[in-house]
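Asker: Top line first, the protein sequences correspond to chains A and B. Its first residue numbered 1346, the first sequence is counted upward by one per residue in my numbering. Its first residue numbered 391, the second sequence is counted upward by one per residue in my numbering.
The hints are simulated quantities; they were obtained by calculation from the structure and are not laboratory data. A portion of the hints provided could be inaccurate.
[Claimed, not checked] Dumping the calculated DSS-like pairs for lysine-lysine here, alpha-carbon to alpha-carbon at most 30 Å:
| hint | chain 1 | residue 1 | chain 2 | residue 2 |
| --- | --- | --- | --- | --- |
| 1 | A | K1419 | B | K482 |
| 2 | A | K1377 | B | K746 |
| 3 | B | K532 | B | K482 |
| 4 | B | K799 | B | K746 |
| 5 | B | K573 | A | K1409 |
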Amino acid sequence: MIDIWLILRILIFPGFAFILLLTLFCDWIERKLEARIQNRVGPLVAGPAGLFQPLADFIKLLTKEDIEPRDAKKTVFKFAPLVAFTIMVFAICFLPIDGASVLSTGGFSGDLIVILTFSTVASFLLFLSGWASANPYGTISSARVLTQFLGYDIPLFLIALTPAFIVGSLSIFNIASGFTLASGQLVPIILLAPWAFVLFIITMQAELEKDPFDVPDAESELVGGVCTEFTGAKLAFLHLTRDVQIVFGSALVVELFLGGPYGPVFFGVPAFWYSLWFVLKLLAVVIITEYITTLFARLRIDQVLTANWKILLPAAILSLMLTVILVHWVYPLV
Amino acid sequence: MSNNNIDIVKVIQSKLGDKVQIQLGQLGTAAINVSNGLHREVLKAMLEADEKTGLTAISGVDLGTTLGVLYHVHTSNAFVTIRAEVPKDNPKIQTIVDLIPGAAFHEYEVSDLLGVIFVGNELKGHLVLSENWPEGIYPLRKDVKATEVKLSPAPEEEKAPDIGKLVKIIIGPQHPALLEPEKFAVTVDGEIVTKVEPRIGYVHRGIEKASESRTYVQDVYLVERICGICNACHAYGFVAAVEKILKTQVPERAKYLRVVTLELNRLHSHLLTLGHAGLEIGYETLFQYFWRDREPIMDLIELTSGNRVYASLMTIGGVRRDIKDVDVPKIKTTLEDLRKKIPFYRQVYENEPSIKARMRNVGRLSREDAIKLCVVGPVARGSGYDIDVRKDDPYEAYGEIPFNKIVYKEGDTWARMNVRMDEVEESINIIQYALDHMPKGPFRIDVPRNVIAGESISRNEAPRGELFYYVKSNGTANPERVKVRTPTFANIPSFLQTAIGENIADVPPNFVSLDPCFSCTDR
Chain A
1346 MIDIWLILRI LIFPGFAFIL LLTLFCDWIE RKLEARIQNR VGPLVAGPAG LFQPLADFIK
1406 LLTKEDIEPR DAKKTVFKFA PLVAFTIMVF AICFLPIDGA SVLSTGGFSG DLIVILTFST
1466 VASFLLFLSG WASANPYGTI SSARVLTQFL GYDIPLFLIA LTPAFIVGSL SIFNIASGFT
1526 LASGQLVPII LLAPWAFVLF IITMQAELEK DPFDVPDAES ELVGGVCTEF TGAKLAFLHL
1586 TRDVQIVFGS ALVVELFLGG PYGPVFFGVP AFWYSLWFVL KLLAVVIITE YITTLFARLR
1646 IDQVLTANWK ILLPAAILSL MLTVILVHWV YPLV
Chain B
391 MSNNNIDIVK VIQSKLGDKV QIQLGQLGTA AINVSNGLHR EVLKAMLEAD EKTGLTAISG
451 VDLGTTLGVL YHVHTSNAFV TIRAEVPKDN PKIQTIVDLI PGAAFHEYEV SDLLGVIFVG
511 NELKGHLVLS ENWPEGIYPL RKDVKATEVK LSPAPEEEKA PDIGKLVKII IGPQHPALLE
571 PEKFAVTVDG EIVTKVEPRI GYVHRGIEKA SESRTYVQDV YLVERICGIC NACHAYGFVA
631 AVEKILKTQV PERAKYLRVV TLELNRLHSH LLTLGHAGLE IGYETLFQYF WRDREPIMDL
691 IELTSGNRVY ASLMTIGGVR RDIKDVDVPK IKTTLEDLRK KIPFYRQVYE NEPSIKARMR
751 NVGRLSREDA IKLCVVGPVA RGSGYDIDVR KDDPYEAYGE IPFNKIVYKE GDTWARMNVR
811 MDEVEESINI IQYALDHMPK GPFRIDVPRN VIAGESISRN EAPRGELFYY VKSNGTANPE
871 RVKVRTPTFA NIPSFLQTAI GENIADVPPN FVSLDPCFSC TDR
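So that you can see chain A by itself, here it is in the shape it has in the complex (with noise of 0.2 Å):
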């Protein structure tokens, strides 16, 4: 018996055409507020206030000419795009949005891991994607990607499992609806431990890469990172891939440290106001993260993994075992 409610789920709300629009919206956001900090009017003509910009560079993108080159892995080079950026939505899929996940389901135990997991692949199909151009630019880039992702995804395991531990569950519905005080109320983790906020938002940052840390595609060094050798539909992936890649970990910071999509109903049906919520905390992490990257000039590779080996992720460390300190003792007080 197929559920038709099930594939409108996945499809229209809150799957697929919800999360692709909200790509395209965070991606305007990013664009304007860039723009206006740096004394620039941002996207203006297409749509109202260049709302519909970033759909247009896609289709754009599209319509373009689709160049492989001679050397490159021609099947890697082919699919990689669109692999990550499947699997970037995919992992999405799991956070809940309106009160559940897009497959309509409560989660299960350990969602949470699986979630994390996603994204490394994600990232480790961007490193193939340039490693497959035969293209010394893309080459260095894709070296620089893992590099990067290897190293900031252990402080951001460890830092994801400060909320875990606080909630006593690797489920992400479970973190996200927050630790419930003697009184019985339901607090989310940022109140409970801001500097694992902190931590998380700076981890993210890297893992994004996103400046201080976008060091994989650095234009000045290596022309276009990864994406040097794309053209036409599959440079219009990678692009999409990156954005949903800012959505996804603004999406995890929500659902990790600001109450997921709970937030208080007013009135009519709770799933509406969930999702209102979670755009609305989404867009603030956003934010938060865009100012952060207009403020700073890109580090050096090794001064990148310095900050990671040296101080996230003693920091990360540090938290955990403060974190379980206070888990143990000073929590069950409050």
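Fit chain B to the supplied structure of chain A, relying on the hints for placement.
Answerer: What follows is chain B alone, placed relative to chain A:
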């Protein structure tokens, strides 16, 4: 400096007085005519007497049966031209690279364009000419006819290098970090640069040769086209050299008007570079801010000259347009607005952690190396090598205007950018002072169209460093030879040295700290 009082001419006279012929007051402090081989002795004597001796340029001139090789040498307080000649059928002369390492590029250029062979530093292939240029034809020789030049088929392009342990990254001729076409083949081991091979000449337009077939007035506008950014400096360099041959005294007001134009040039050039450096290290916000504040300066250039980019203000005998009294308050308020923003920018450059991480200790050039490699301008001043033609050899009204020579000792990219940051403020002061003390009177005088036979040099401090012009006239309406030594040409050797052993990510900020201009370099 303790050795500021050395009379370098007397030193040469006492050491080699009987072997060389000294003409005081020509081509700088003195021109020294030497027979073949003795130029090294003169240079050695100068290097011993003054540690700040460096080569400014080598000019090659076709003298009919012989080729003249002119070494323009600067010391801490003098400018000497050593004039040697080589026969055309056997154009060999001893190299000076072992004495002054920075001379290599200058010698290559003379080899390429005039066919002089520098024994010990022979040019393999070409420096500025294209790879398929025919053998044995040297474009700057007088007997070359354009019809003789038959280009052979273009050579095969380099094949994409294998991906192994050593990767060769080609920066240029088309690359987002270089806005102009020039190629640097950078070999990297992992992320560390092990070798940099330059190839210039992609935009060589033969302006030196072209100016020989145009009149002096036309040439002013031709040389102005060498560079879009420091255009006024190029026009001024040529005009000043011609005026020296004519022995023209420019009116006082014209001197001040020229200073204003040259400083506006420097202002917008420095703001451009300071912003561009931000772009190279991925700091787009900084770039946008600087370029926003550069716009009013462009408007000022339009206000004073009528043109936004090419000022076309300099002319032989003065300037072409006066600054109206009603415009002076507008210029002053615009500059004051810019001055108010400087403390903020200086704070960003000094304290912003990511800028410090990317610029501190990157591209370190010691003072000794700076002197050896004969670098100029902010690159030299960032390494504690205090040369500034405006102070050392004042021209126009610079002798009467108080301002500071900006010197930083660190010698890294950060220091070079901070030299520019401080010079922006100095430039504002200079323009304000010049506007306040502008003498009344005419702003140009008439000069004869035909220039009497003679030769002269001019030096001026362009935004990127010392710009050198050598002009030789033969009494007709066209010059016999125009030689231009641009600042970037002198600064490239320092980049080739400092990039080695550093991270590939340091190449763009290091390179942009030279403020490279390739249309200048190639001419």
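Asker: Each hint should be assessed against the structure and marked as holding or not.
Answerer: Now for the hints, and whether the structure bears them out:
The hinted pair formed by K1419(A) and K482(B) fails the criterion: a straight-line CA distance of about 56 Å is larger than 30 Å. Taking the CA atoms of K1377(A) and K746(B), the gap is about 28 Å. The hint holds against a cut of 30 Å. Annotation: proposed proximity of K532(B) to K482(B) holds, straight-line Cα distance about 19 Å (limit 30 Å). Note on K799(B) and K746(B): the hinted pairing holds, with a Cα-Cα distance of about 16 Å set against a maximum of 30 Å.
Restraint check: the Cα-Cα separation between K573(B) and K1409(A) comes to about 29 Å, which is no more than 30 Å; the hinted pair holds.
The earlier numbered hint that this structure contradicts is number 1, and it is the only one.
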